[in-house]
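K.L.:
Now for the letters of each chain:
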Amino acid sequence: MTTGEEAGAENRTARGALGRRVRDALAPVLASRVAVVGLALVVFWIFVAVFAPLITAYGPLEQVRGAANLGPTGGHILGTDHLGRDLWSRLAYGSRTILTLASLSILCALAVGTTLGLVGGYFGGWTDEIVMRVLDAMIAFPPILLYLIIMASLGASAMNVVLAITITGAPGIARLVRSLTLGIRTREYVSAAQLRGERSLYVMFVEILPNARGPIIIDAMLRMGYAVFAIGTLGFLGLGLPPPEPDWGSMVAQGRRYIWTNPWPVLWPSLAISSLVVGLNLFADGLREETMRYR
Amino acid sequence: MDRNAMPVLKVENLAVSYEMRKGEVVAVRDVSFDIHQGEALGLVGESGCGKTTVAFAVVRFLHRNGRIREGSILFEGSELRGRSEEELRQLRGNRIAMVYQDPFSALNPCLRIGKQLSETLIVHRRLSQHEAQRKAVEMLNRVYMPDAEEMMLRYPHQLSGGQQQRVVIAMALLNSPVLLIMDEPTTALDVTVEAGVLDLIGELRRDFDTAILFISHNLGVIASVSDKVGVMYTGELVEQASAAEVFNNPVHPYTQALMQCVPKLGQSKESSYLPPIVGRVPSPTELPPGCLFAPRCRYAQSTCGEQRMTLLKVAPEHVVRCQFAGELVEGDLARAEEQAPPAAGRERETGAEPVLKAEHVRTYYRQRGQSLLSLFGLREKRYVKAVDDVSFGVPPGTSLGIVGESGCGKSTLAKTIVGLETPSGGELEFMGFDLLAPVSKRDWRLIKELQMVFQNPDSTLNPSFTVGRQVGRSLLRFRRVSRRQVREEVVSLLKDVRLDESYYSRIPRQLSGGEKQRVALARAMAGPPKLVVCDEPTSALDVSVQAAILNLLLALQDEYEITMLFISHDLSVVRFFSDYVGVMYLGKICEIGPADAIYSPPYHPYTEALLSAVPVPDPTVERERVVLTGTVPSALNPPSGCCFHTRCPRKLGSVCEEQVPTEQVAAEGHSIYCHIPLEELRAMEAVVTLGR
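The listed protein sequences derive, respectively, from chains A and B.
For the first sequence, the working numbering gives the first residue as 462, with consecutive numbering after it.
For the second sequence, the working numbering gives the first residue as 363, with consecutive numbering after it.
Hints are computed from structural coordinates only; laboratory data are not their basis.
Predicted, not measured: the structure shown is a model, and the values here were computed from it.
The C-beta atom is built at its ideal place from N, Cα and C for all residues, glycine as well.
Just so you know, not all the hints are guaranteed correct.
[Claimed, not checked] Not everything, but these chain B residues come out facing chain A in the computed CB check (under 7 Å):
#1 Val780
#2 Thr784
#3 Ser786
#4 Met814
#5 Phe816
#6 Thr822
#7 Leu823
#8 Ser826
#9 Ser836
#10 Lys857
[To be verified] Output of the computed footprint for chain B on chain A, the stretches with three or more beta carbons under 8 Å from beta carbons of chain B:
#11 610-620
#12 667-673
[To be verified] The following residues of chain A were derived to be distant from chain B, with all beta-carbon distances above 12 Å:
#13 Ala510
#14 Tyr554
#15 Leu606
#16 Leu607
#17 Leu656
#18 Asp680
#19 Trp721
#20 Val738
Just chain B, same shape as in the assembly (with noise of 0.2 Å):
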């Protein structure tokens, strides 16, 4: 790469405000970096650190109460600030395109994919009907769309959620723009869909020779994307670089945190201890003083409060905002006092009895017919298989960890268990007591042992009361106190979760997400249960404050012996929390068994899948990743035989097409569904590379 060229994006000082009803707000400051032909800048940093904010203000999309205060925004050598939006509407979407999370929202509900793709093709291009089309075309053949001419026909909402973003993709590329900005492209989708977008992001810089600005929260995807990446925290650049060198060097003390805090593919609940960054990111209205990581800095010393940071050159082409950069780097810095990881070398129990046990467990929701015939009952019923045949058990004081992709059932097998839904048959029995009865009808003996943790932390408080009521009510409920002492076990409880007194009297709406979480967890502790359910409980959180509630999770698993149900999207996470897992796959489990064995070979194909295209926060990592074609086939209409057959890349023939495989037992406890030998399971290469 010529590297005295000049830069395609030159953003200089930028610094960007909103106008509030308090008075103008400072969101991104001193932000400086170039994004030069070919190269992809990625942006890390929690949520509400500026990352979006900088890439709105290149191409000034800002929301109307937000101006560019200061700054010098260069795109291919000329200013764009104070360019007219006339100008400014002609550059995007032909010299600078934009790629958004929801691909959902960035297309047109109410026109075909073709209209839309020819559409810009059309006004920017002057191009004539068919000679767009045939374009667009071509261009949904280069994103690897099956069937582009029947593509173009379809509506948005005919496309899976992977095949939309291939198609803003498209269309984001069909002028052949100097300079890309995606902000979370992959977020919305799942892990092997994102596997496939990010694979197909690498190949189309590579061919068209673009520069990437690629926003990201995820260490992963930025690390498989990026030459360069700037760390963001508070609305400024704290570290950049390249990225070997943010991932194999970080040196500023909140890059380092950030790397340690998010559970490794390879790392087991033995480990078990994430170093959380304590406290949450400063509000823009109420920055400290001095440095603005120094509050939640390990390193942080008395004179980090005394005046804002400048960036500092540690080598070259390594800039880091820390007044100790020299001496992180040399690693010879004192640590403040750490919190005790809490009893490292879990013991797990083998061969205890199952506490929480499923046969067979069937969750079948009636499809309504939309004909006239099926009104009266006389067309053939239609279900959708959400959990189909799921059999498993949990030893006391375990958890089991639940992946797979959306839709795969793996909610509504939570939902099952703890009654909110009715199983439509199967065994299902935790302690001696039958689940089959959905909650209203449940002995009350159970309803007290059996609670469950919420994915949203907006939604899994009541906005209406204070966090003392909420909690209180449980306790109230499960009969353990008199109305006199409820405040005093709320706030042992709230102890217990690590929040203060003061949050006795707070609403829901004074709480950031984490801590929100957190009184979620107080309420449901309030049991104590033996079982508790956690349904995604980590995945709305920034990876910071995942960190302090998995610690959190396992602290109470040790002393009050609960056993869990761990629901989630994320390998690494159930990884680091289970001591069994299940991988499911269109409502069945297609391997079960310890949390070591399923993330080595012998595995089901889907298994393997699933693991090669989770991001690893390593660049220098090459993986053969197995990519997987075509969309999850409907639950309504599930395929014969082998239900993974339609997308397995190691389908052995009819036979998967015709019978349902059998269990079969790898190791003790360690079951697979699948007709592939296992000798030949035993032979695959392994995908993660453990302990690291």
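Just chain A, with the same shape it has in the complex (with noise of 0.2 Å):
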């Protein structure tokens, strides 16, 4: 009985730790009005993205047979385009594969980056001059230039559109994440994991990068911005997915050849990219601003 109550009781004080956690994590982003106004944006379209087959009316490839070059009306709330297919329906189904395949990159290039930057700043020497020379060759390359190369070479689908901003962004996340390992790896914790014997391994990743995380994820938030525009430049440049699927870049390509005659196939999607891209770039900000203030 008494383990029963003392359980339930842990219970209670574990839930309302956790509540507390998750309080003081949002904390800096609802002190922040610049954050706020990011975040919402950027939930509105997570929203939309997860939700997409419910808040649509057609499906995102369906031709509505006389209802080509339409304008926003009652049935296509946004209008269609030459084909008559529903502009909303694309718009929020094509926000499915955007966000997908931006945090997917994101994601890769995290992992590449944070693993270089580490191993070069935590071990210093030669091996860093290695890294960071490599590192530094493909950052002198535009990274426009990186992705047409890259798929050019490999072809147009949406896993080399993931590869080739792995490529692009993991060199800045490692240089960001070698200076935060330069200034760690002095700390007295540190020299403490290495008197108690720990593998490098254990040190870089355990007792390094847990403190370097909030610059990594401020510059991760931003990086995702980029990436997303990224992504509707490689669609508008006909590199990104193949042609029927959602894509707002292909959308923009498409709708351009009718933008004298229907302008809203290209307004939407070139709207939804910048807002998207502005959400997180304010989210990040003001995150940023609002974490240094307490510092």
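Two chains, each in its own frame: build the complex with the hints.
P.N.:
Below you can see the structure in the form of structure tokens.
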């Protein structure tokens, strides 16, 4: 009986602690108006992506007969394109593609960049020289050129988009993580871990990385914005997903031909891309300012 | 001194508050004092007690969220409160000057010293460029700067810390201010440099007749400069009197406790217990009811919690904020039961075989050349000799203390022993294991026996994890326990360092500096180890906390029979803690031996200078100071012969410049590396009176 009560009490305190942790984590976001606006925009698009089938009346590939090139009307709130496809549906389903691809590529870039940065910063010396000079060489290329080279040589597919963004994003992340590592490496708790005989991998990923997470997360938010932009660009250039798929970039490219008669197919996806990018940027900026303030 | 004259500064009922997220927090309240011409008032207290806030409030340099709630600040008879920013600026730097803790941040790094000095004269005195320059050189000479003319052309980073502080003081004195406010002006300096600066302050006060408000946490420093002393605690003055009164007859329980918890220079390991002040300084948002010191007070009685205390007069010019002030003076107040001091009269084992042995240990850092030639290895390789030819032995269960000023290589020696640095040569062994390999290549059994306690409580624990997890990880690493028992074992380790179970799930941010250091100790004890290297474990802590940590270290050493290497710049602390002491200078040990032998003649001239420089918390002691001139030479290019010859006040002649001094055995286990014959060293006068 007593044990049950104790467990219950423990459970309650655990839940209380969880609630407190959630509140603590959200406090800096809610304290900044900029971050709240950014978060609202991002959450809006995530909501649209998750519930796309529920909030759209047509399929993204469905061509409505006799309803081509319509402006916003009662049936099609954002209008239709030249093939009579509902723009809202295509936009909603397109957000799924872009959000998945962007997060996936940033996660990959984070994995690669963080590892390289930790290794360079932690070991220093020749390891650091080699890793960083290779990454410098990659940073020297303009990113758009790198995208084009990678996509042109590997072909247009979702996987290759992720690969291209990983390759272009990783060097920047590695630089950031390296400089953070250099600062944290000299802290005494790192020495203490070394004196326990911990392996280098443990020291890097368990002792150092968690204490570098703040700037890395904020940087990743910003990079997510760039990734959305890059995916849009690739789609526009026809290097993104293959044609019938709803993709914001390719929607702009297709609508471009009819821009004088029907501007809506160009306008909506453009607005969607910019709102998502601006949202991510505002969120990251607000978060950064707010966390710096109480440092 | 004319007591009836108008005081230069008269502060009455000052209260200062800060606007915080949680609302307004009162940081200082009911502070009154006055300072007359040529008088120095010392404010002393632990960190967070409002000393600096008082100083900043006087010149209204408070941070943007701070404001003076009430009280008056009369400067030369006129009220400073309510003056405009412009009027205050005219006063600051002209009639009132300030000197802060960190001289480097007080100087503009992009301007030459000369420009910075003459600027204040040009702005406030409207002197011509030429005239200002001349005055500046004069003042630099006045503060004993060598080559004043040449110094005018230098940038701040080209000066040593002591020289920078001299420049800041010169700058403060240029306009012959009436009031000089000094906030921990010597805290960042080495003890020999500090001694020089303190002497300078005393001399300038006599010559310029300036009133000084002097703030420090160091009782010894306060004793050597102040006429009057105010003791602060949580934003209040708890005792104020003449320096002699405060130091010889302290009345307030806090003052008494503060005096007792600092190890004295003559206090050796046998006497071995420092009464710490229990608990911690309450945060200004959670003040206890009644007397603010009652929760930590040895004399506290039930009536202490009832109302705020007022200042009571116990003698003319001596006020105390305690309702039992009268009884305290009489000395008939019952104390609370004290924790029994651990077994006094430690036995020192002599003649035991050393367990930690170092023979000619050297740790050099390769200095990278700046030129193209050195990139291709064509230049001669240059080394910083951080540890150069160091030998010693430590018997099991004893402590070797290493003292020396910053840059003498004591931390490098510690890192070399634990394996964070690789020695360049020599022999180093512990319990028969070779210590020359870095920690990553060491034998598992050795790693377990060798732990370290670090200096900075804020970075010694990983901020991301709970106390339990960090201590538990050490336990798991050393494979003493199964996963299920970890919690139990961690709790018992925490108990060893006098922390209760509630600390298990706390994160470092929620701990005070002393508590963090205790957790770090628990982590180091997980093995338990046979050798613990302590690198300045208490120098970032308040004195009351330092006492508790030192007691704890001694208790742990006794309990687990740990051999310790104790590194510190504080000679009193080292004396208190160590059985053997080594004095280091420029990477070399210049004197080593049993603690008592080091602190009395014969000593190495450097030891003598160090000892004579330590400020003693007793204003009546008049000591002849051996002041060292010049700065510590670079370890990249150490002087030939005896490395101390450039600053040695007892230099013999060319023999010191040419030959490396050989070991002179003064007594069993006591070696001095100096050319001066032992008989002469023996005949030196003692600078420390023992057994005070």
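K.L.:
Would you mind marking each hint as holding or not holding in the structure?
P.N.:
For each hint, the structure was consulted:
1. Contact between B/Val780 and chain A, as hinted, is supported at the beta carbon level, the nearest pair being about 6 Å apart and thus within 7 Å.
2. Taking 7 Å as the C-beta contact cut-off toward chain A, the hint placing B/Thr784 at the interface is violated, the least distance being around 13 Å.
3. Hint status for B/Ser786: violated, given a least beta-carbon distance of 17 Å to chain A, over 7 Å.
4. Nearest Cβ of chain A to the Cβ of B/Met814: about 6 Å, under the 7 Å cut. The hint holds.
5. With a cut of 7 Å, the hint placing B/Phe816 at the interface with chain A holds, because the nearest CB-to-CB distance is about 4 Å.
6. Taking 7 Å as the C-beta contact cut-off toward chain A, the hint placing B/Thr822 at the interface holds, the least distance being around 5 Å.
7. With 7 Å as the threshold, the beta carbon of B/Leu823 comes within range of chain A, its nearest partner Cβ sitting at about 6 Å, so the hint holds.
8. The interface hint given for B/Ser826 is met, as the beta carbon of that residue sits about 4 Å from the closest beta carbon of chain A, less than 7 Å.
9. The criterion of a C-beta within 7 Å of any C-beta in chain A is met by B/Ser836, whose closest approach is roughly 6 Å, and the hint holds.
10. This hint is violated: B/Lys857 has a C-beta 21 Å from the nearest C-beta of chain A, more than the 7 Å allowed.
11. With 0 residues having a beta carbon nearer than 8 Å to a beta carbon of chain B, the segment 610-620 of chain A misses the requirement of three or more and the stated coverage is violated.
12. For the segment 667-673 of chain A, the stated coverage by chain B holds: 3 residues have a C-beta nearer than 8 Å to a C-beta of that chain, and at least 3 were required.
13. For A/Ala510, the condition that its CB be more than 12 Å from all CB atoms of chain B holds, with the nearest at approximately 32 Å.
14. At roughly 40 Å from the closest C-beta of chain B, the C-beta of A/Tyr554 stays outside 12 Å, upholding its exclusion from the interface.
15. The beta carbon of A/Leu606 sits about 33 Å from the closest Cβ of chain B, which is more than 12 Å, so the claim that it is off the interface holds.
16. No beta-carbon of chain B is positioned within 12 Å of the beta-carbon of A/Leu607; the least distance is around 32 Å.
17. Listed as outside the interface, A/Leu656 is inconsistent with that label: its C-beta sits roughly 6 Å from the nearest C-beta of chain B, within the 12 Å cut-off.
18. A/Asp680, annotated as away from the interface, keeps every beta carbon of chain B farther than 12 Å; the closest lies near 18 Å.
19. The beta carbon of A/Trp721 sits about 56 Å from the closest Cβ of chain B, which is more than 12 Å, so the claim that it is off the interface holds.
20. Against chain B, the non-interface label of A/Val738 holds: every CB pair exceeds 12 Å, the least being about 31 Å.
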